[in-house]
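Enquirer: Sequence:
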Amino acid sequence: MTLQSIKNVVLTELNGDVEEIRRVVDIWYLASIKCHHFVSESFWHSCKEDMMNIYIPGAETVVAKYNDEIVGFISLVDNILASIFVHPDFQGKGIGKKLLFDAFGKRSDLVLNVYSKNKLARDFYKMNGFVEEKEGVDEHTGELEITMKWNG
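Be aware that the sequence shown starts at 1199, since it is given in this note's numbering, and climbs by one per residue.
Hint data in this document are derived by calculation from the structure and do not stem from the laboratory. Fair warning: there could be bad hints in the mix.
[Stated by the list, open to error] Across the chosen pairs, the derived CB separations fall in these ranges: (1) 1333 / 1265: 36 to 46 Å; (2) 1208 / 1337: 18 to 28 Å; (3) 1248 / 1286: 14 to 24 Å; (4) 1335 / 1265: 15 to 25 Å; (5) 1205 / 1325: 20 to 30 Å; (6) 1215 / 1333: 31 to 41 Å; (7) 1337 / 1246: 15 to 25 Å; (8) 1246 / 1211: 17 to 27 Å; (9) 1287 / 1339: 23 to 33 Å.
[Unchecked claim] Think about it this way: if two alpha-carbon atoms lie no more than 35 Å apart in a straight line, the pair counts; the simulated DSBU-like pairs of lysine-lysine are: (10) 1295 / 1263; (11) 1315 / 1205; (12) 1232 / 1246.
Heads up, the beta-carbon is just placed ideally off N, CA and C, and yes, glycines get one too.
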């Protein structure tokens, strides 16, 4: 995929189809392992069922499709950016930014938590207008996380 073909990435609402949800969860899992290497893979594996049955269906999720294949997604719960992930094979091509700007068009402010050790994600959010608000500890992993906020 070239940068020119970002125009061919289409954003649509997740339709709730089990296969689409499964694809979203697969992307979440693969990207989580890659960008959260400091958390054990077994932790991410243990979360897959809840992602499939609770978190993704309970959120407002937009998927990015390239050649009719889901390659990324963003999930919002009220003004919380609950998750944004792009398949590792498609990262760094503008898909995350396209998803994020779609969310900016739907909310006047957004808040998120990001692991402190995930410098790439923190830099991505900062580049796109988020500011760090406070630090805390993720109760599930014990990792330091940072709350960031964007005000439209």
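Enquirer: The structure should be examined with respect to each hint, and the outcome stated for every one.
Expert: Taking the hints in turn, this is what the structure says about them:
1. 1333 / 1265: 36 to 46 Å: Distance hint for residue 1333, residue 1265 holds at roughly 41 Å.
2. 1208 / 1337: 18 to 28 Å: The hinted range 18 to 28 Å is violated for residue 1208 and residue 1337, with Cβ atoms some 37 Å apart.
3. 1248 / 1286: 14 to 24 Å: 22 Å, holds
4. 1335 / 1265: 15 to 25 Å: With Cβ atoms ~41 Å apart, the hint is violated.
5. 1205 / 1325: 20 to 30 Å: At 21 Å between Cβs, range holds.
6. 1215 / 1333: 31 to 41 Å: This hint holds: roughly 38 Å between Cβ atoms.
7. 1337 / 1246: 15 to 25 Å: Because 19 Å falls inside the window, the suggested range holds.
8. 1246 / 1211: 17 to 27 Å: 22 Å, holds
9. 1287 / 1339: 23 to 33 Å: Distance hint for residue 1287, residue 1339 holds at roughly 25 Å.
10. 1295 / 1263: 14 Å, holds
11. 1315 / 1205: 32 Å, holds
12. 1232 / 1246: Cα-Cα ~15 Å, so holds.
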